[in-house]
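K.L.:
One letter stands for each residue in the lines below.
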Amino acid sequence: MLLQLKQVSLSFAGNTVLHDVDFGVEPGRIHSLIGPNGAGKTSMFNVITGFYRPQQGEITLDGESIVKRKPHAVTRLGIARTFQNVRLFREMSVLENVMAGQHCRTRSGALAAVLRLPSQRAEERQILETSLECLDFVGLLGHQDRLATNLAYGHQRRVEIARALATQPKLLLLDEPAAGLNSGEKQALIELIRRIRDERGVAVLLIEHDMSLVMNVSERISVLDHGSLITEGDPHTVQNDPKVIEAYLGQDDEELAL
Amino acid sequence: MDRHSPPTRPDTHEPRPRNPLQRLYAAFESPGRRRALHLAIIAILIITPWISSQYTTVILTNALLYVVLCLGLNIVVGYAGLLDLGYAAFFAVGAYTIGILTQQFGVNFWAAIPFALMAAALAGVIIGGPTLRLRSDYLAIVTLGFGEIVRFTARNLEITGGASGLSHIPEPSLFGWHIDSSIDFYYVFVVLAVLAYIASQRLFDSRLGRAWLYVRHDEDAAEAMGINRVATKLAAYVIGAIFGAIGGIFFSVNLGAISPESFSFQQSVLILLAVVLGGMGKIPGVILGAFIVVLGPELLRDFGTLRLLIFAVLLLLIMLFRPSGIWPEKRS
Amino acid sequence: MTWYDSFLQQLVDGLVLGSFYALVALGYTMVFGVIKLLNFAHGDLYMTGAFAGFGGLSLVSGFLGAGWLGIFVAMLLAMLAVGCLGVVIERVAYHPMLGAPRLSILITALAVSLVLQNAALALTGGQYTAFRTDLGFGGFNLGNLFLSHNQIVLVATAAVLMIALELFVSRTLYGRAMRAVSIDKDMCRMMGINVSAVIAVTFFIGSGLAAAAGTMAGAYYGSIWYFMGFLIGLKAFTAAVIGGIGSITGAMLGGLILGLLESFGTHIPFIGSEWKDVFTFSILILVLVFKPTGLLGKSEVERM
Numbered sequence: 002m003l004l005q006l007k008q009v010s011l012s013f014a015g016n017t018v019l020h021d022v023d024f025g026v027e028p029g030r031i032h033s034l035i036g037p038n039g040a041g042k043t044s045m046f047n048v049i050t051g052f053y054r055p056q057q058g059e060i061t062l063d064g065e066s067i068v069k070r071k072p073h074a075v076t077r078l079g080i081a082r083t084f085q086n087v088r089l090f091r092e093m094s095v096l097e098n099v100m101a102g103q104h105c106r107t108r109s110g111a112l113a114a115v116l117r118l119p120s121q122r123a124e125e126r127q128i129l130e131t132s133l134e135c136l137d138f139v140g141l142l143g144h145q146d147r148l149a150t151n152l153a154y155g156h157q158r159r160v161e162i163a164r165a166l167a168t169q170p171k172l173l174l175l176d177e178p179a180a181g182l183n184s185g186e187k188q189a190l191i192e193l194i195r196r197i198r199d200e201r202g203v204a205v206l207l208i209e210h211d212m213s214l215v216m217n218v219s220e221r222i223s224v225l226d227h228g229s230l231i232t233e234g235d236p237h238t239v240q241n242d243p244k245v246i247e248a249y250l251g252q253d254d255e256e257l258a259l
Numbered sequence: 094m095d096r097h098s099p100p101t102r103p104d105t106h107e108p109r110p111r112n113p114l115q116r117l118y119a120a121f122e123s124p125g126r127r128r129a130l131h132l133a134i135i136a137i138l139i140i141t142p143w144i145s146s147q148y149t150t151v152i153l154t155n156a157l158l159y160v161v162l163c164l165g166l167n168i169v170v171g172y173a174g175l176l177d178l179g180y181a182a183f184f185a186v187g188a189y190t191i192g193i194l195t196q197q198f199g200v201n202f203w204a205a206i207p208f209a210l211m212a213a214a215l216a217g218v219i220i221g222g223p224t225l226r227l228r229s230d231y232l233a234i235v236t237l238g239f240g241e242i243v244r245f246t247a248r249n250l251e252i253t254g255g256a257s258g259l260s261h262i263p264e265p266s267l268f269g270w271h272i273d274s275s276i277d278f279y280y281v282f283v284v285l286a287v288l289a290y291i292a293s294q295r296l297f298d299s300r301l302g303r304a305w306l307y308v309r310h311d312e313d314a315a316e317a318m319g320i321n322r323v324a325t326k327l328a329a330y331v332i333g334a335i336f337g338a339i340g341g342i343f344f345s346v347n348l349g350a351i352s353p354e355s356f357s358f359q360q361s362v363l364i365l366l367a368v369v370l371g372g373m374g375k376i377p378g379v380i381l382g383a384f385i386v387v388l389g390p391e392l393l394r395d396f397g398t399l400r401l402l403i404f405a406v407l408l409l410l411i412m413l414f415r416p417s418g419i420w421p422e423k424r425s
Numbered sequence: 108m109t110w111y112d113s114f115l116q117q118l119v120d121g122l123v124l125g126s127f128y129a130l131v132a133l134g135y136t137m138v139f140g141v142i143k144l145l146n147f148a149h150g151d152l153y154m155t156g157a158f159a160g161f162g163g164l165s166l167v168s169g170f171l172g173a174g175w176l177g178i179f180v181a182m183l184l185a186m187l188a189v190g191c192l193g194v195v196i197e198r199v200a201y202h203p204m205l206g207a208p209r210l211s212i213l214i215t216a217l218a219v220s221l222v223l224q225n226a227a228l229a230l231t232g233g234q235y236t237a238f239r240t241d242l243g244f245g246g247f248n249l250g251n252l253f254l255s256h257n258q259i260v261l262v263a264t265a266a267v268l269m270i271a272l273e274l275f276v277s278r279t280l281y282g283r284a285m286r287a288v289s290i291d292k293d294m295c296r297m298m299g300i301n302v303s304a305v306i307a308v309t310f311f312i313g314s315g316l317a318a319a320a321g322t323m324a325g326a327y328y329g330s331i332w333y334f335m336g337f338l339i340g341l342k343a344f345t346a347a348v349i350g351g352i353g354s355i356t357g358a359m360l361g362g363l364i365l366g367l368l369e370s371f372g373t374h375i376p377f378i379g380s381e382w383k384d385v386f387t388f389s390i391l392i393l394v395l396v397f398k399p400t401g402l403l404g405k406s407e408v409e410r411m
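Chains as they are written, first to last, in our numbering: chain R, 2 to 259; chain H, 94 to 425; chain L, 108 to 411.
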């Protein structure tokens with residue numbers, strides 16, 4: 002098990018957001034996390050990546066405990082994420098955005114920079130190459146000099162993914178990556194996610210509301226409702242699970258479109 | 094080029110350079126022209142003392158001191174986005190450390206420099222450590238508080254000479270060259286300013302420089318990408334402290350005497366004013382701001398106390414109408 | 108004088124000092140509550156209030172004398188004038204900056220502060236101006252303790268103002284609107300509350316209170332100068348933080364606590380009066396680092 006959550010509980014000011022969650026992602030798998038609005042999915046991402054500290058429970062990555070670590074340390078250990086509302090560095094170029102991912106894989110500090118040591122220059126070359134490669138991987142090579150805010154929304158989402166990939170993660174967390182995309186873009190996203198798994202060996206955990214996409218791309222699905230994991234399994238099993246249907250009752254018909 | 098060259102202009106809706114300053118800037122985009130410009134400026138700086146009065150030389154020396162200080166504060170405010178209202182504290186630490194070590198303990202100036210730098214770095218860690226996690230409003234006031242604490246301390250301790258400060262700080266020598274005239278110090282500051290400029294540029298174009306921008310843009314996203322935001326901010330603070338200390342070190346031997354009043358809140362504000370005026374984060378703008386802030390009062394001599402008011406109003410107008418500063422926006 | 112007597116004396120001094128701090132801290136906290144900005148220029152509004160009071164007194168002393176009556180009227184005039192100034196500042200300098208990055212707003216506030224300071228500097232040439240009044244030094248003795256009439260009037264006035272404020276905030280429409288805006292500005296806008304007007308009123312009151320403190324300080328201490336707002340601004344900010352920024356009761360409490368701390372603190376042999384300010388700043392830093400929400404403030408939960 003690449004990522005393992007054991008009995009994780011999280012509450013804010015008396016409200017229980019996550020309750021006794023046992024959850025795991027296997028290496029190299031595409032795993033989806035679904036559930037009605039407010040079920041606690043993004044909170045789970047925040048707990049995994051270290052932005053929230055759970056009141057109780059253990060989280061390990063490759064056996065190493067990450068529950069008490071700061072977010073940047075968790076990233077360094079191999080978990081990268083994208084955000085629900087795209088959070089690129091708006092006034093910077095696409096390339097500069099992606100280069101951010103390489104920060105944690107390099108080491109040159111102030112002194113090396115001021116003295117322009119050969120090691121620093123070599124690292125800058127490496128950062129540049131890796132970032133361009135990630136941009137190419139998501140199909141945006143050629144856009145690197147554009148200002149991030151000037152890109153179309155769909156492209157911005159891809160840049161965010163490229164940025165996360167630049168951290169050379171073992172596990173990639175995608176928070177509603179399909180929101181706001183048209184059907185062509187969604188298909189491209191499915192292919193991209195598959196390529197991330199196949200060509201880079203990165204496990205993907207995604208939060209999504211688009212059921213057809215979820216059923217199409219996932220190898221495993223976990224369903225969260227009111228902070229508890231109510232079921233887990235392959236797409237077929239989950240689709241037919243009465244508990245899942247019940248949890249979604251009262252939600253938009255759109256969400257039930259399987 | 095061994096690093097990614099910044100684009101000349103982002104595509105879409107960016108207007109062609111229209112005003113004179115932007116056109117001037119655009120004219121010097123190519124590295125060849127840039128280098129020629131740099132050499133020309135250095136040449137002018139070298140010749141100037143020989144063609145002007147001593148008074149002018151002293152003023153220019155002061156301006157160059159401000160260039161160093163402003164480039165330092167620029168790192169803290171302009172790159173890392175931390176509003177430091179007590180920057181003069183680092184200036185003070187550098188100056189007083191040298192003053193105390195050379196005048197009271199007879200340590201050689203050059204040997205004392207590392208201690209002054211370490212003291213400043215330490216001050217940066219002590220002040221920055223607990224406060225960098227605070228939200229920006231609080232950070233501003235706390236740094237102000239620290240600045241005042243440093244000044245009060247300097248004013249009340251015996252070893253710092255109390256309210257009258259330290260005097261008879263010995264002048265340094267370098268391989269037999271006794272640095273004592275105003276022309277000597279002028280050249281020293283030219284070298285310092287050039288070094289500060291180079292260091293600033295290199296930092297800006299480095300991994301750390303980018304980290305500052307990421308953290309400044311969106312702290313949490315930066316953190317999520319593996320950037321330790323506290324360490325990054327602290328680095329800006331400490332490096333800014335070192336720039337300030339370097340200014341202070343040479344300031345103290347130049348003047349030969351220092352008093353707590355040189356390191357007041359007004360001083361911190363003046364340095365900040367220069368950075369904001371010229372354009373936070375833009376190195377040429379900051380240098381321009383430094384010159385304006387030093388030369389301005391000279392040109393406005395006749396206005397007496399009114400000139401500070403003029404500067405204050407100027408700052409307010411800039412913030413309301415052109416917060417990016419005088420220097421034109423060239424995309425980073 | 109036994110230690111008991113000097114304790115009481117310091118207590119009284121602390122209360123007087125604390126009254127000033129509380130009045131100024133209130134303005135800080137109220138403005139922070141509605142626009143989430145630390146008005147850096149607030150201390151200078153205190154200074155402006157002192158000068159306005161001085162001017163007001165010159166105007167009315169002819170027919171009202173320069174005793175407490177004249178001073179009160181001058182104070183009211185000053186409160187009015189500086190209150191309006193506060194509103195003008197908000198409209199001209201802060202309102203246009205509301206969408207701008209935090210750093211820009213802070214620097215703008217700093218700029219306003221500098222304009223006020225340097226305007227006063229230009230007017231007075233940096234000299235202290237004597238605030239001449241006809242206040243006597245009368246008082247009465249409680250055992251070994253000496254209470255001057257001035258001290259009593261001062262604390263009483265501050266108390267009256269604070270009670271008035273408390274009533275305003277809890278009983279009137281605008282007062283309740285102010286509290287609502289400080290909780291959720293956007294929701295208020297959607298519910299039809301005229302947020303702009305509420306903000307303006309907040310500035311008016313906050314600045315007015317600072318001006319009251321300034322006038323009284325001028326009358327009590329006898330002299331005013333262009334830089335007097337700087338230190339008081341920092342100390343009032345400290346008071347507001349101690350009490351919990353955003354909380355009105357907190358500001359009052361914080362002001363009193365700070366006044367008492369300073370008064371007692373200067374008598375601790377190690378500290379003495381030269382280190383008084385360092386002592387205060389250290390308190391500020393310690394509070395901000397260890398308990399930034401202060402005594403009565405609410406902690407903000409940061410959601411992603």
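Derived by calculation from the structure, the hints in this document are not laboratory data. It is possible that some hints are incorrect.
[To be verified] The list that follows gives simulated cross-link-like pairs (lysine-lysine, DSS-like), each with its CA atoms no further than 25 Å apart:
1) R/K7 x R/K187
2) L/K398 x R/K71
3) L/K398 x L/K383
4) R/K171 x R/K69
5) R/K244 x R/K171
6) L/K398 x R/K69
[Said to hold, decoys possible] Okay, the calculated bits of chain H under chain L, using three or more residues with CB under 8 Å as the criterion:
7) 132-142
8) 233-242
9) 399-410
Note that the Cβ used here is the ideal one computed from N, Cα and C, for glycine as well.
K.L.:
Holds or violated: the region 132-142 of chain H covered by chain L, criterion of 3 or more residues with Cβ-Cβ distance under 8 Å?
P.N.:
With 0 residues closer than 8 Å to chain L, the region 132-142 of chain H misses the three-residue bar; violated.
K.L.:
Below or equal to 25 Å on CA atoms is what counts here, so check R/K244 against R/K171.
P.N.:
Violated, at roughly 32 Å.
K.L.:
Is the listed coverage of the region 399-410 of chain H by chain L valid when you require three or more residues with a beta carbon under 8 Å from a beta carbon of that chain?
P.N.:
holds (count 8)
K.L.:
Quickly compare the C-alpha distance for R/K171 and R/K69 to 25 Å and report which way the hint goes.
P.N.:
holds (19 Å)
K.L.:
Can the restraint linking L/K398 and R/K71 be considered satisfied, given a maximum Cα separation of 25 Å?
P.N.:
holds (21 Å)
K.L.:
Decide if the proposed pair is consistent with the structure: L/K398 and R/K69, CA atoms, cutoff 25 Å inclusive.
P.N.:
holds (22 Å)
K.L.:
Taking 8 Å as the C-beta cutoff, is the stated coverage of the region 233-242 of chain H by chain L satisfied by three or more residues?
P.N.:
With 8 residues in contact (Cβ-Cβ under 8 Å with chain L), the coverage given for the region 233-242 of chain H holds.
K.L.:
Holds or violated: are the alpha carbons of R/K7 and R/K187 at most 25 Å from each other?
P.N.:
violated (33 Å)
K.L.:
Does L/K398 pair with L/K383 here, judged by a C-alpha cut-off of 25 Å?
P.N.:
holds (22 Å)
Against the hints set out earlier in the document, violations occur for numbers 1, 5 and 7.
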